[in-house]
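K.L.:
With the numbering used here applied, the sequence shown corresponds to residues 21 to 355, in that order.
These are computed hints drawn from the structure, not numbers from a lab.
Check the hints yourself; a few may be wrong.
[What the hints assert, rightly or not] Here are the computed distance ranges between Cβ atoms for each label pair:
#1 Asp169 with Glu262: 26 to 34 Å
#2 Ser240 with Glu322: 31 to 39 Å
#3 Asp294 with Met197: 36 to 44 Å
#4 Gly210 with Asp323: 22 to 30 Å
#5 Glu193 with Gly88: 39 to 47 Å
#6 Met197 with Thr241: 35 to 43 Å
#7 Glu309 with Pro339: 15 to 23 Å
#8 Glu250 with Asn85: 18 to 26 Å
#9 Asp323 with Glu259: 23 to 31 Å
#10 Thr296 with Pro139: 20 to 28 Å
#11 Asn142 with Glu309: 38 to 46 Å
#12 Asp200 with Glu137: 21 to 29 Å
In this text, a Cβ means the ideal position worked out from N, Cα and C, and glycines have one as well.
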Amino acid sequence: MNKSSFSKFLGIMTASALIVSGCSNGDEEAEGDANGGEDVTDLFVTIGAGGTEGVYYQIAGAMSNIYGDEGFDTSVQATGASVENINLLQSDQAELAIVMADAMEQAYEGFGPFEDEGPMENLVGISGLYPNVVQIITTEDSGIETFSDLEGMNVAVGDANSGVELNARMMFEAHDMSYDDINEDYLPYGEAIDQIRNGVVDAAFVTSGLPNPAAMDLGSTHDVTVVEVEDDGMEYLEENYEAFLEHEVPADTYDNDEDIQTAAITNLLVPNPDLTDEEVYELTRAFYENLEDIQASNAAAEDIDIENAEEGLNVPMHPGAEQYFEEEGVLSGDE
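With these hints in hand, go ahead and build the complete structure from the sequences.
P.N.:
So this is what it looks like as structure tokens:
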């Protein structure tokens, strides 16, 4: 190669290097800006859900798909729901979980099923999601019409120490009853509904979004009845347990003719307390920027609204989530 040719070759190579360098720096800057200065997509996101027949599991599946599209490796873990999910977060076996607010309160303050562990004061939340509605499911054939009719019956109260089972205990307490008045059976939604269909169980506590898939399935073969939480019981709950709100099962949810009074507890999206601000920011952003996909997973998720992010959140908000919501202008302090 003569001197002239070599000079031309060197010029081309230098220009190419500058172009490549410029593109590379631009990509890195874009990635850094999007992730708050940290590439977080190497985080493996395990989502603590609930039983495979429940609403938590369907919502968690939609979340997993969204995070996968964002570049995360993800998985959904079927669990006994709230209490187990909190323990999974605390033991670094999950990065995210859906948890009922009453269980979160008990863990944060160290009472109920968390009494032996003591207060878990490191717990933080991302946002409130949608109301979890207490549904006491039975059939017309059972003859159960009021809460007191549960006396002497075979009643599925949820997995032992699950959020559903905690609610069941509180419901009996609110109606001046206890497990001593029934034959309790510790079963998750799907199994409980199967046992109602088989005639083994008379009624089941199903605390979830509306409608519950397992209860809907029961409606395909039986006339479903939802037992009302009566006025005195509702007043007791509101006076003694801050997490409970008055709610209703709307008419036609399970072919019921009228609205049925019951109680509800807000579901929370909760992160592992050890996740960084950048990680939680990105997980929160991806969730709410793809909210339509979450809402399409189950009718209960249609109640999730970014404007209600603080509703029902009874632990401190994670700084990463707070940063995202501040940018969106939806926190009460932003008004």
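K.L.:
Check the structure against each numbered hint from earlier and tell me which ones fail, lowest number first.
P.N.:
2, 6, 8, 11
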